[in-house]
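Asks: Using the sequences plus the hints, can you model the full thing?
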Amino acid sequence: MHEVGKSFGAVRAVDRLSLRLAQGQTVALLGPNGAGKSTAISMMLGLRTPDTGTVRVLGGTPDRAVRAGRVGAMPQTGRLVGGVKVRELVGFAHRAHAAVARGPMPSLDELMDLARISDLGGRRADALSGGQAQRVRFALAMAGAPDLVVLDEPTAALDIESRHELWAAIRACAGRGATVLFSTHYLEEADAEADRIVVVDRGRVVADGTSEEIKRRVPGRTVSIDASALRRDPADLPGVLSSETDGRRLRLHTTDADATVLALATAGAVRDLEVTGASLEQAFLTLTHTDPIKTDNTQADHIQADHIQAGPTQAEEAVR
Amino acid sequence: MMLVHYVRLEMLRLLRDPGYLLMTLVSPLTMYLVFTNLDLGGGTSSDAAVYSMVGMAGFGAIGAVMTNGVSIAEDKPLGWIRQLRLLPLGPSQVVVGRAVCAMVAALPPILAVCLAGGLVDGVSLSPGRWIAVILLLWAGISPLAVLGVGFGYLLTAQKAQMAGLAFYMGLSLLGGLWFPIRLMPSWVADIARVTPVNRYGELSWKVAGGHAPTLVGVGVLAAWAAAFTVFSVIAYRRAAQTV
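As they're listed, the protein sequences go chains A and B. The numbering used here runs 1148 ahead of the 1-based position in the first sequence. The numbering used here runs 1 ahead of the 1-based position in the second sequence.
Simulated from the structure, these hints should not be mistaken for lab results. We put the beta carbon where it would ideally sit given N, CA and C, even for glycine. Do not take every clue at face value.
Facing chain A, from chain B, some residues (calculated, C-beta under 7 Å) [unchecked claim]:
(1) Met3
(2) Leu4
(3) Leu10
(4) Asp76
(5) Trp81
(6) Arg83
(7) Leu88
(8) Leu90
(9) Pro92
(10) Gln94
Within a straight-line C-alpha distance of at most 16 Å, the following computed EDC-like cross-link-like pairs (lysine to aspartate or glutamate) qualify [as the list claims (entries may be wrong)]:
(11) Lys77(B) with Asp1274(A)
(12) Lys1233(A) with Asp18(B)
(13) Lys160(B) with Glu75(B)
(14) Lys1233(A) with Asp1267(A)
(15) Lys1363(A) with Asp1404(A)
(16) Lys1363(A) with Asp1381(A)
Derived list of chain A stretches under chain B, where covered just means 3 residues or more per stretch with a C-beta under 8 Å from a C-beta of chain B [said to hold, decoys possible]:
(17) 1218-1226
(18) 1237-1246
(19) 1309-1323
(20) 1394-1400
Replies: In structure tokens:
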């Protein structure tokens, strides 16, 4: 995807987003709700046309890749249709792919086995539990042994056990050399399953790297002090990724609480000091509220009034 | 052939719908038997039986193709249309597949009513005419099958049901499938003659009576077919954009 943009009315869902996937990688598209993940994915699949920029999938248009059976996709929403048994439904997708297949395809039994739905073949597709239905939808995505698998929040609304089952199936398919792109808003999931994590916010890539690289940028702790105590720019403090003031409290999101506290002590700004573990939400806020391009005036309205910007070095680092 | 697989899957779904059989078979059959015994067709009773047989077979066929439209509309919120777009299937295959389903679904009511006409009411036609009547009843429903598909893609299930019902009941009545338009006030009959439903029935009425279908009739039906095709293509494009 190169400089891809998409707006719905006044809402800019995807804003000049560029993303290049290497073959065989498992990539997580991580971001809060409304970050533009689904819109980006729908353009990658040719379901929506971008307003600006270009999308190329496996050397051609998304439509062509889908028609050639080289892409498997599991949209975020969607239930299975009624009046049809699981094996009939998956068998249909399998035949659709077999008609255009260029290489060897797994048999229907192998496919059902891979998706862990062998025992569901005779069940009506619209009478399955959430986890079962999701595995059937995964089987539909995997029916043609695709080169690229795109999963839009595959585990949303699943219980832990179903989540594990689905991931076992996804790992099995990644193990066969497919490129897997999945979106999620669970940091742990991206951490555990992806080779690379792309953090998206307000339609743009705000961070991109391995799990380790991302984690270094995500604060582990929040140090809060009385706002009037600190007389220097909080962004200069060691470990601090971002900060915010809430009334009289100044909150510093830091990757290294010890160093931050020591620096505060040196500066004599430890009045009412408090150290808390950062929640995932805070971690997200750090990454996603960091404006990647400070010189871009159109972004100004995205910055909340009460939010103090992180230092320029760090903001620039977010652009890669 | 992928189209065949797709049609088979959709037919399987349609046939497993319990309301489907009721809608497409029970009402035209019942009405046919009642109508022929009330002698609403006018003229000799054997003419009336043929007239009503064709009318009610057509009525049943319209019901079947409109039900098919409703089932398309019901699939939309499930994400089925998007799911199909993500398979290596062309959009034209999907639309044509759904129209073929409608055509297949129209066969049982046509055959059932014709069978009832031959066996119960003693309608006797030469074998050639039987085949011609049934074939025209079947082929002639295609414009309305396309329209039903368009309703399905454009409308919500509830609205598709209402639109389908308007055609099923309203146009069947206006088009003269229930009783001949010559029994209607002349201005109503004039309107009836430009409806696709009247011209659809006319094909088989003519052939059953030993005449060739009129050029005007075929022309009117063809014009509707063209309009309905444009409508359905637009409807599908709109549906595909909002998936």
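Asks: Run every hint past the structure and note whether it holds.
Replies: Evaluation of the provided hints:
no.: 1; hint: Met3; in the structure: holds (5 Å)
no.: 2; hint: Leu4; in the structure: violated (10 Å)
no.: 3; hint: Leu10; in the structure: holds (5 Å)
no.: 4; hint: Asp76; in the structure: holds (6 Å)
no.: 5; hint: Trp81; in the structure: holds (5 Å)
no.: 6; hint: Arg83; in the structure: holds (6 Å)
no.: 7; hint: Leu88; in the structure: holds (5 Å)
no.: 8; hint: Leu90; in the structure: holds (6 Å)
no.: 9; hint: Pro92; in the structure: violated (10 Å)
no.: 10; hint: Gln94; in the structure: violated (9 Å)
no.: 11; hint: Lys77(B) with Asp1274(A); in the structure: holds (15 Å)
no.: 12; hint: Lys1233(A) with Asp18(B); in the structure: holds (13 Å)
no.: 13; hint: Lys160(B) with Glu75(B); in the structure: holds (11 Å)
no.: 14; hint: Lys1233(A) with Asp1267(A); in the structure: holds (12 Å)
no.: 15; hint: Lys1363(A) with Asp1404(A); in the structure: holds (12 Å)
no.: 16; hint: Lys1363(A) with Asp1381(A); in the structure: violated (23 Å)
no.: 17; hint: 1218-1226; in the structure: holds (count 6)
no.: 18; hint: 1237-1246; in the structure: holds (count 6)
no.: 19; hint: 1309-1323; in the structure: violated (count 0)
no.: 20; hint: 1394-1400; in the structure: violated (count 0)
Against the hints set out earlier in the document, violations occur for numbers 2, 9, 10, 16, 19, 20.
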